[in-house]
Each structure stands twice: as structure tokens, then as C-alpha cells.
Amino acid sequence: MSEAAARLAVLFREQHGRLLAQLLRHAGTARLAACEDALQQAMVAALRHWPFDGVPDNPAGWLFATARRALVDVLRGASRGETGHALDALPAPAADAFGERFARELDDDELALLFAVCHPALPPASQVALALRTLGGLGVRELAAGLLTTEAALAQRLKRARDELAALDEPLAVPAPEAPPARRGAVLTALYVMFNEGYQSAEGTSYARRGLCFEAIRLARALAAHPVAADPEADALAALLCLHAARLSGRVDADGTPLRLPEQPRERWDAGLVALGHRHLARAGRGARLTRWHCEAGIAAAHAVAPSYADTDWASIVAWYERLLALDPSPAPRLAHAIALGEARGADAGLAAVDTVLPLLPRERYPFGQAARAEFLQRLGRDAEARAAWTAARAQARSDAERALIDARIATLAPHP
Amino acid sequence: MNQYLLLLHETPAAYAGIGPEEMGAIIERYAAWAASLGERGLLGPSQKLTDDGGLHLRRGASGTVATDGPYAEAKDLVGGFFIVNAPDRDAARKIAETCPHLDMAGNWIELREVDSRA
Chain A
-6 MSEAAARLAV LFREQHGRLL AQLLRHAGTA RLAACEDALQ QAMVAALRHW PFDGVPDNPA
54 GWLFATARRA LVDVLRGASR GETGHALDAL PAPAADAFGE RFARELDDDE LALLFAVCHP
114 ALPPASQVAL ALRTLGGLGV RELAAGLLTT EAALAQRLKR ARDELAALDE PLAVPAPEAP
174 PARRGAVLTA LYVMFNEGYQ SAEGTSYARR GLCFEAIRLA RALAAHPVAA DPEADALAAL
234 LCLHAARLSG RVDADGTPLR LPEQPRERWD AGLVALGHRH LARAGRGARL TRWHCEAGIA
294 AAHAVAPSYA DTDWASIVAW YERLLALDPS PAPRLAHAIA LGEARGADAG LAAVDTVLPL
354 LPRERYPFGQ AARAEFLQRL GRDAEARAAW TAARAQARSD AERALIDARI ATLAPHP
Chain B
167 MNQYLLLLHE TPAAYAGIGP EEMGAIIERY AAWAASLGER GLLGPSQKLT DDGGLHLRRG
227 ASGTVATDGP YAEAKDLVGG FFIVNAPDRD AARKIAETCP HLDMAGNWIE LREVDSRA
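From first to last, the protein sequence lines are chains A and B.
Reading the first sequence from the start, the letters are residues -6 to 410 in my numbering.
Reading the second sequence from the start, the letters are residues 167 to 284 in my numbering.
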């Protein structure tokens, strides 16, 4: 994509959340669907007018004026008599420095919109879809591709969520610092889920999937930078997401085959994102409360700074996992802790730790427990047992890519007796 | 040089699902296309038309009758036009084939030559 096209894409994406939030502030969250409609009409109008007229000097102002007109029409059509008179008084937004990439922080209206769509009454999957649609400005087609669902299913999910928000009809506002932490927690969790939707997948390199990761980072960073809503937890989450995203481009080889952490070319990790992650991590330390975001960011940071897999500070990673387990003793972090333990103290210790967790892990479509066991057995030279564990892992693999990865490991074992 | 009219047929409803990346890319492709033709003096006037479909006028025995043209909800609407200069129809066709209008599914271009024979 050319630079001009990318700048336009950023404009559409950023203005989507900002303009929608401004329309909503006056129309009310009960009219979310109408506001989204109106804004979509304005975006399509831009797409159809600008090829003839060129991009206007104040593109945000153009979009806003068009969306406001469309909203008045939509509301008139919906309920005769009740018009958008409050909208006529809406001031047009000032001209933005066009193409100012990611520099702008979210304003209060957008942040209020983020809190509105991440309402704890909605299922997390709906919060994520709605946040991406409203604040990220993602089209339904790319959003469906990113969330690995169909356009029809996604439209249904969005509609149910909008209806639910309309029924709640809460005022659009950033919660005060003394507001219940549940509201903040819900937003952070939604951003974490949004990121993982893009990250936890073999198709994680496709543009749509990466878009989810970067949108989650943009929102987390905006939250962390906000004068009122910012708290150390938001910084910890932003740190975690930046540090994970730094590894995105090193996770597959030239053919798109996934690479395991030890084989990833670390020179392809994004140094800028690593630095950004560390900046947020330093700020995350200012609070008294240690959260799971802090622990996970600590682990990601240890990986990000390690020159190689072997030269990783495994003792520090084990310590972070132990703090994490105190907050969340569920099987997945326990397995990760067991693996780190094996790297820190040797394959014997790792194998013993993995074996205690193994009975707790899901029996289907979860190859990681058996794979960890196989890895340690192989290091101990117990090839026959390793082969059995790899075979058990293979039976639970979720994709051809995972099966190929396991087959490659089996091929390194001593030939079958 | 002859003049050719590119009538841009489209289905406005098809634009609804487009995301920001695609929008940015489409608008930019138009800008590049127009600039490239403009530099070579090949681009004439161009205009966007409104979506109301206009009026179809006919004179009958009892006077002139006006009917509405197709609305935006219609499958096919002329959304605008470009006029380009080209030595012959093949050259005009080549220009039309590079027009970003064709990148959208459902869109098509009606290419007409301005009859300049005296």
C-alpha cells in the first residue's frame, strides 16, 4: 500500500471512533445503531465523492458534516417528529493535522465509547467485536475475517450487543477514578482478548489478524496515556501487548510455517515495539497492586531481551510464573511454569512438573502438555517414551501446521526399534 | 484525438462492507489514475452524479411524462462519469481498463465515443 493510501486508511480508522463518539454523545448510547449507520453512510459518501473532488482540506470535518446530515435523516426516518435538533448544535471538529500517524490520544468521548462497548453485561466476544467495529472502524468483512467467523454470524452478534446496550441506555461517560474496578477490568480484559484473537492463530500473519493486534495496542496505549482513566494496570497490559507484538514478524518462516520460540530469528523482532513495551513496563511499576498483566509482561520482557533461547533468564521467568500462579492457578499458566522450570533447572525437574499438571489439562485439541513432556523426555535420551508422547500430542494437534511441527520433531528421534 | 465517455455503473449497496484499508487504497488508486492521465493531457471533465436517479422524460400523445430513474437501492446506477482523450477506441479501452472503478465487485464501465465527425 502506498503511503498516501495508508494515511487515508489511518484517517478512516481513527476518525471512525472519534466521530462516532461525538455523534453518540448527543444522540445517546440507545441510538448506537443509528449513529453507526450514519457514519457508515458518510464513509461510503467519501469513497464515492473524493475520487472526483479529491480529498478535502479538512477530511474529518467533511466526514462529520456528512455523518451529521445522515444521522438527522436516519432519526427522522425512524421516528417522525422526534428529530435530531440537538445535533444541529454540534460543533464540527477542528481540522486535524492530516496523516498524524497514531500520535493522537483518544479523546474523552472515544474513551467513554470504549467503556460503553466493553460493558460487563455483554459477553467478552461481543465487547471485542463492538470495540473493533466502533473504535477501530473495521469493516464487517475484515472484522469477520479477523475473528474467524462469518459476516452473517458477526452481524447477528453485533446486533444483539447493540440491542443490549440500547436497553441499558447508560450515559456515555468515562468512569470516575473511584468507580468500581470491574468496569476498568472489563475493558482491559476485552483488549487482551482482542489481541489474542489476532495473535493465537496459525493465520496470525494475515493482515486482518495483525490488525486486531495493533488495534488492541492502540486502545491499550490510549487508555494508559489518559489523564483520568490511566492506571498502572493499563500500562502493564500495554507493555504485555507491545512485547508480544514485537515477535509477530518472527513467528513464521519465509513459507509461512510457524516457528517455535527457540528457532525464531530474533533479529526480525521489532526493536521499536520492544522499547515501547519496556517504557510501559517501567510505568506499570508505579502502583502497589500486582496484576496478571504485570506478571505476563514481566515474562514477555524477559523473552524479548534474551539474545537467544538458551541465554534466557529462565530463573526470572520462573519467578514471574510463580507470582502469576498466586493470582491464577489455572492449568495453562501451570503448564507454562512447568516448562520454564525445566529450562531453569533441567529436564528432570521439568518433566516432573509437567507430569503433575498433565491430568488437569484439556483432553482434546490441546497438544501442549504432551509436547512439553515429549520435549523433556527427548532431552533425557528416553526416545521411546518421547515418541509415545509426541504421538499423543499429534493426536490432539489442531492444525496441519502443528502436525508438521510435531512430525519434524519425531524425525529427529532414534529410529523406531 | 477523440473524446470518450466513461459512464461509471455501480451498485451503491455493495460499498457497505468496506473497511478503512480498502477505502484508503481505492481513493488513492483513483488519485494516482487521474494524476497519471492528467500529466499526459488525457483526462477531460469528470463529475459525480447524485444517487436519486434523476428523471426519465418522454413525450407522448398527452404531453411530456416524467418517471423516476433508478434509486440508490437499485442494482445498477450511473454514479458519475469521466471524459478521456484517446487516439482510437483501443487506446480508450486500455485507459478504461486501468480505471479503479472496475476494482469493486459489481461495478462496470460503459465506454462511449463522442461522435466528432462533422
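FYI, nobody ran anything at the bench for these hints, they're computed from the structure.
Treat the hints with care, as some may be off.
Claimed, not checked - Sample of chain A residues with no beta-carbon within 12 Å of chain B, all distances over it, derived:
{"#": "1", "residue": "Leu1"}
{"#": "2", "residue": "Gln33"}
{"#": "3", "residue": "Gly132"}
{"#": "4", "residue": "Leu136"}
{"#": "5", "residue": "Gly139"}
{"#": "6", "residue": "Glu144"}
{"#": "7", "residue": "Pro164"}
{"#": "8", "residue": "Ala166"}
{"#": "9", "residue": "Glu171"}
{"#": "10", "residue": "Pro173"}
{"#": "11", "residue": "Arg176"}
{"#": "12", "residue": "Pro225"}
{"#": "13", "residue": "Gln257"}
{"#": "14", "residue": "Asp321"}
Unchecked claim - Just some of the chain B residues that point at chain A, by a computed CB distance under 7 Å:
{"#": "15", "residue": "Met189"}
{"#": "16", "residue": "Ile193"}
{"#": "17", "residue": "Gly210"}
{"#": "18", "residue": "Arg224"}
{"#": "19", "residue": "Asp269"}
What the hints assert, rightly or not - Computed list of chain B residues with no C-beta within reach of chain A, every gap over 10 Å:
{"#": "20", "residue": "Ile184"}
{"#": "21", "residue": "Glu188"}
{"#": "22", "residue": "Ile192"}
{"#": "23", "residue": "Arg195"}
{"#": "24", "residue": "Ala197"}
{"#": "25", "residue": "Ser212"}
{"#": "26", "residue": "Gln213"}
Just so it is clear, CB atoms sit at the ideal spot from N, CA and C, and this is done for glycine as well.
Hints, one by one, checked against the model:
no.: 1; hint: Leu1; in the structure: 3 Å, violated
no.: 2; hint: Gln33; in the structure: 7 Å, violated
no.: 3; hint: Gly132; in the structure: 3 Å, violated
no.: 4; hint: Leu136; in the structure: 8 Å, violated
no.: 5; hint: Gly139; in the structure: 10 Å, violated
no.: 6; hint: Glu144; in the structure: 7 Å, violated
no.: 7; hint: Pro164; in the structure: 29 Å, holds
no.: 8; hint: Ala166; in the structure: 27 Å, holds
no.: 9; hint: Glu171; in the structure: 36 Å, holds
no.: 10; hint: Pro173; in the structure: 34 Å, holds
no.: 11; hint: Arg176; in the structure: 28 Å, holds
no.: 12; hint: Pro225; in the structure: 32 Å, holds
no.: 13; hint: Gln257; in the structure: 27 Å, holds
no.: 14; hint: Asp321; in the structure: 35 Å, holds
no.: 15; hint: Met189; in the structure: 5 Å, holds
no.: 16; hint: Ile193; in the structure: 5 Å, holds
no.: 17; hint: Gly210; in the structure: 13 Å, violated
no.: 18; hint: Arg224; in the structure: 29 Å, violated
no.: 19; hint: Asp269; in the structure: 11 Å, violated
no.: 20; hint: Ile184; in the structure: 5 Å, violated
no.: 21; hint: Glu188; in the structure: 7 Å, violated
no.: 22; hint: Ile192; in the structure: 6 Å, violated
no.: 23; hint: Arg195; in the structure: 8 Å, violated
no.: 24; hint: Ala197; in the structure: 7 Å, violated
no.: 25; hint: Ser212; in the structure: 6 Å, violated
no.: 26; hint: Gln213; in the structure: 6 Å, violated
Taken one by one, the earlier hints fail for this structure at numbers 1, 2, 3, 4, 5, 6, 17, 18, 19, 20, 21, 22, 23, 24, 25 and 26, listed in ascending order.
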